[in-house]
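For chain A, the structure is supplied; the task is to place chain B on it using the hints.
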Amino acid sequence: MIRVFVDGVGIIGPGLPSWNESHEILAGRHPYAGGELPRLLANRLPSAERRRSTAVTRLAIDVAEQALPSGVSADDVATVFTSSGGEVEIIHRIFEELATAERLISPTQFHNSVHNAASGYWSIATGSRQASTSLSCFDDSFAMGLLETASQTSVERTKVLLVAYDFPPLQPILRVRPLLAPFAVSLLLTSEPSEHSIGKLTIGFDTTDTDDTSHMEDSGLEALRTGNPAARSLPLVAALARSEPVELIFACAANGQLRVKLTPCA
Amino acid sequence: MQPLILSAFTLTSSLGRGLTATLAALREQRSSLRYCDFPGAELDTYIGRVEGIENEPIGGRLSDFDCRNNRLARIGLEQDGFVQAVENARRRYGPERIAVILGTSTSGILETESAYRRRDPETGALPPDFRYRQTQNTFSVGDFTRRYLDLHGPASVVSTACSSSSKVFASAARLIRTGLCDAAVVGGVDSLCFTTLYGFTSLELVSSTPCRPADADRNGISIGEAAGFALLEKPDRGNGDIALLGYGESTDAYHMSSPHPDGLGAAEAMNKAMQRAGVEPGAIDYVNLHGTATKANDAAEDKAVSGLFGAAVPCSSIKGWTGHTLGAAGIVNVIVSCLSMRESFVPRSLNTERVDPEIASWIATQELRRPVRTVLSNAFGFGGNNASLVLGKRS
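Keeping their order, the protein sequence lines are chains A and B.
Numbering of the first sequence is given in this note's numbering, commencing with residue 114 and proceeding in unit increments.
Numbering of the second sequence is given in this note's numbering, commencing with residue 1187 and proceeding in unit increments.
Next comes chain A alone, as it looks inside the complex (with noise of 0.2 angstroms):
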């Protein structure tokens, strides 16, 4: 088992625009009615980067800096990246590029189309040079995202951020892998807790036969967490904004399971 503590929460998603103004409607006390995304500012890059940065990067950068509490520096935070989709814009421009007979790919496409360039665009953003990866799980991108930080945190006991997003494909590739709509999600996690935990998260892996408990009783966040494998978290995320302990169950590929107890701090 793996225990860690959750130290900073983000969100963004349609009609969720961060971690505190979404807070009611993820706890249950205020129903969740959609709307539209957030502009995606990504005012941490500098001004040439964030004109060469992609609207999946923004959305990274952007939820990523909601779980950094004021008084924790980026300095000193390693990052953890997962995505199904990652660059999925970019991707798809150099697809039809490709299949035109000049076949120009721009250098600043290029770039920006490698599954990591939300990792090195926060890297820049922050003048962090702390370890940082970039994951690819499918559907299970936020479970293995969360083992991959929660091991990092506890086993080099330092403060790891976990970034979970996922933007829907353009056509034709959205019919192949129809995604509802953009979502992100993010962690900070540490290994002893702090006056900014929020709860405690005890993790194992195993393949116990175990329904999966991870679901969402509005129908609406439910509809969300299915259609974007970032939106897995959403389970988590609203016990953690009810504070309320619970035990969640994210079945992973190949029967596996990952289990997430949820203790919240006082």
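Be aware that one or more of the hints could be misleading.
Listed below are the simulated DSBU-like cross-link pairs for lysine-lysine, each with C-alpha atoms no more than 30 angstroms apart in a straight line [to be verified]:
1) A:Lys313 / A:Lys374
2) B:Lys1420 / A:Lys374
3) B:Lys1579 / B:Lys1420
4) A:Lys313 / B:Lys1420
Just so you know, these hints were derived from the structure itself, not from any lab.
Coordinates of chain B only, in the frame set by chain A:
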């Protein structure tokens, strides 16, 4: 950190399939770069292509996963008794206790590139035979491999460009340390595709000659493809003469596609790897460079390497042999490092004719026959993502 044994390992690249072919090419000083003959690509460059992939489709229960990248993965897995070694570990630990953590940069996107040329002219739809999840998605090679080996532990794919398949060792070491797994299959697979061939060309980073790492006249990379795997186990459970002693990860915080000019991120990764391994720079017998053969990369890496080692340790890049295998570059270096320790030699930096006078490290332009007990192996990628590993031979 507690060392982890590489109880089995294998490599397939343009040098050949498996360790025997790889070693033979290295000992016979045989480069495998060829003028670009990748079907449909019209580029004035050299590539490291694995022969025969086109004729070996994946059939049977995993036929949905058929694509160049997974074909290469399967060819790689079938060398050097690797599948059998994993099967033995599976019996000892149970399939749920073995993780699969692989690196790739472009997965099976060659399939999508082809599908975009075959879109329905009316609707724009991709052809009905296109399988997104099993080919294009970055996780595809991890999903394929865990199914091929029937492993049920945590499975993930690291995609941090050219450091991907070094970073997998760090992730696996941590996961084993938490006790949630007993062993891990790690490695990386990347295969030729138009996105990287034309993408690196757009950045003017591709050479029109076979790449010449650290050479005064170096002018870019040659792109290659490879599949490499290792089985990692705790020392009290695994048998083998080679161990992972340490890992170090960092980011440059500088630029998306150019390294920090002073190699600050690279130096940090190497330092962290040696610290975790508990070794001083004086204990390193060979530095297996990332050495891509671009002007900027080799200069930056040299600043970091010479800053730590001066000219006291022989260094070489494998890129002149295999080309730059991108997401598989990390595992290529790891496996060549294992061969170097096992066979007591430092491979030469192939195609390096005149070492750049600006480069201060000791570049091995000829093969060195000498005992090699500890190796530092580098892999650095776009996004300023760096990973270094220390590997050692057990006495």
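Which hints, by number, does the structure contradict?
Checked against the structure, no hint fails, so every one of them is satisfied.
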